[in-house]
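Produce the entire structure from the sequences given, and follow the hints as far as they go.
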Amino acid sequence: MELLQMKYFLAVAREESISRAADFLYITQPSLTRQIQSMEKEVGQQLFVRGGKKMRLTEAGLLLKKRAEEILALYEKTESELIHPQQSVSGNVYLGGGESHAMQLLLDIANEMRTQYPNIKLHIYSGDISDVCERLDKGLIDFGLVIQPADLTKYESIRLPALERWGLLMNRNHPLAHKETISPQDLVGVSVFQSRHTLPKSALTEWYKDVADQIDFIGTYNLIYNAALAARSGYGCVLTLEKLVNTSGESELCFRPLDPPLTAHLDVVWKKYQIFSQAATIFLRYLQEKFSSCKER
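Residue 297, in full-length UniProt numbering, is where the sequence shown stops; the numbers in between run on with no holes.
I should point out that these hints are in silico values taken from the structure, not numbers from a laboratory.
Check before you lean on any hint, since a few could be wrong.
Per label pair, the in silico range of CB-to-CB distance [claimed, not checked]:
#1 T220 to P261: 38 to 48 Å
#2 E206 to E180: 19 to 29 Å
#3 A177 to D210: 16 to 26 Å
#4 Q185 to S90: 27 to 37 Å
#5 L152 to R172: 34 to 44 Å
#6 L107 to L223: 14 to 24 Å
#7 R34 to A60: 47 to 57 Å
#8 T220 to Q185: 18 to 28 Å
#9 E59 to E2: 17 to 27 Å
Okay, derived cross-link-like pairs now, DSBU-like style, lysine-lysine, Cα gap no bigger than 35 Å in a straight line [what the hints assert, rightly or not]:
#10 K272 to K290
#11 K121 to K7
#12 K272 to K77
#13 K7 to K154
#14 K179 to K209
#15 K271 to K121
#16 K53 to K271
#17 K290 to K121
#18 K272 to K65
#19 K41 to K77
#20 K66 to K272
#21 K77 to K7
#22 K54 to K7
#23 K65 to K53
#24 K77 to K154
#25 K65 to K41
#26 K7 to K53
#27 K290 to K271
#28 K66 to K54
#29 K179 to K65
All C-beta atoms, glycine included, are put in the ideal place defined by N, C-alpha and C.
Rendered as structure tokens:
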């Protein structure tokens with residue numbers, strides 16, 4: 001299967017139509033149809049369900065779409081790393097991370113680096129820890145920002161000089177909004193969303209373990225934006241980190257820290273034995289110089 005075929009396949013998947021994809025690719029419809037049929041013959045499975053005005057991906061098609069996107073992203077990243085001449089310091093740094101106010105520390109480093117190396121570009125990917133580690137393992141990003149607890153045995157890491165504080169995000173009209181802090185007992189009978197990556201024996205679950213069976217856990221989230229909408233609508237409260245959502249001024253939301261207090265460390269991680277591009281090597285140097293006094297693991 002060739003890269004060009006993958007690009008054709010992704011165009012059809014995106015447009016849900018052979019004719020629209022052919023127009024986008026500037027090729028004829030019969031030619032594009034033959035390419036898709038050739039791919040289906042090669043993998044021995046149907047990739048699209050053809051019916052009505054739209055073409056829908058089969059389960060095999062969905063898997064191929066995910067893998068094709070990863071392969072093309074890795075190809076483009078590799079090509080970018082190779083085509084820049086050595087005498088001109090340029091290139092790309094790929095950074096992934098969960099939602100955290102500590103991302104500002106890494107952006108400050110990138111901004112400082114940019115003053116000396118204006119041709120280095122930064123690409124930011126936002127996702128939860130599973131997404132970030134998956135992209136790290138596949139070489140799609142150079143560095144990941146992860147919030148503890150996390151298994152870092154496969155990675156090199158630098159601990160950042162920052163702590164994130166856990167608390168409860170809710171509508172300002174919620175009965176708990178008048179409290180300055182939230183105790184485990186306060187959550188009894190309360191409808192709560194928590195991160196889908198909350199570990200069974202994490203610090204957070206230990207914090208509320210005595211009343212866990214009395215809390216109304218109504219769902220999970222991976223990124224905070226949509227969970228914040230649920231909190232704003234009054235659908236439920238959200239166990240989350242501080243400073244991820246605007247709760248100042250006219251905001252309908254408020255954040256109350258947990259009591260006893262609960263905090264989380266953050267680490268910048270990269271694959272062990274990673275061979276970096278010139279741009280990523282420079283970013284790592286800035287990172288190590290900035291946080292040399294912090295614990296490197």
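Evaluated hints:
no.	hint	result
1	T220 to P261: 38 to 48 Å	23 Å, violated
2	E206 to E180: 19 to 29 Å	22 Å, holds
3	A177 to D210: 16 to 26 Å	23 Å, holds
4	Q185 to S90: 27 to 37 Å	57 Å, violated
5	L152 to R172: 34 to 44 Å	38 Å, holds
6	L107 to L223: 14 to 24 Å	18 Å, holds
7	R34 to A60: 47 to 57 Å	19 Å, violated
8	T220 to Q185: 18 to 28 Å	23 Å, holds
9	E59 to E2: 17 to 27 Å	23 Å, holds
10	K272 to K290	21 Å, holds
11	K121 to K7	24 Å, holds
12	K272 to K77	19 Å, holds
13	K7 to K154	32 Å, holds
14	K179 to K209	21 Å, holds
15	K271 to K121	21 Å, holds
16	K53 to K271	45 Å, violated
17	K290 to K121	19 Å, holds
18	K272 to K65	29 Å, holds
19	K41 to K77	29 Å, holds
20	K66 to K272	25 Å, holds
21	K77 to K7	16 Å, holds
22	K54 to K7	19 Å, holds
23	K65 to K53	20 Å, holds
24	K77 to K154	22 Å, holds
25	K65 to K41	16 Å, holds
26	K7 to K53	22 Å, holds
27	K290 to K271	20 Å, holds
28	K66 to K54	20 Å, holds
29	K179 to K65	48 Å, violated
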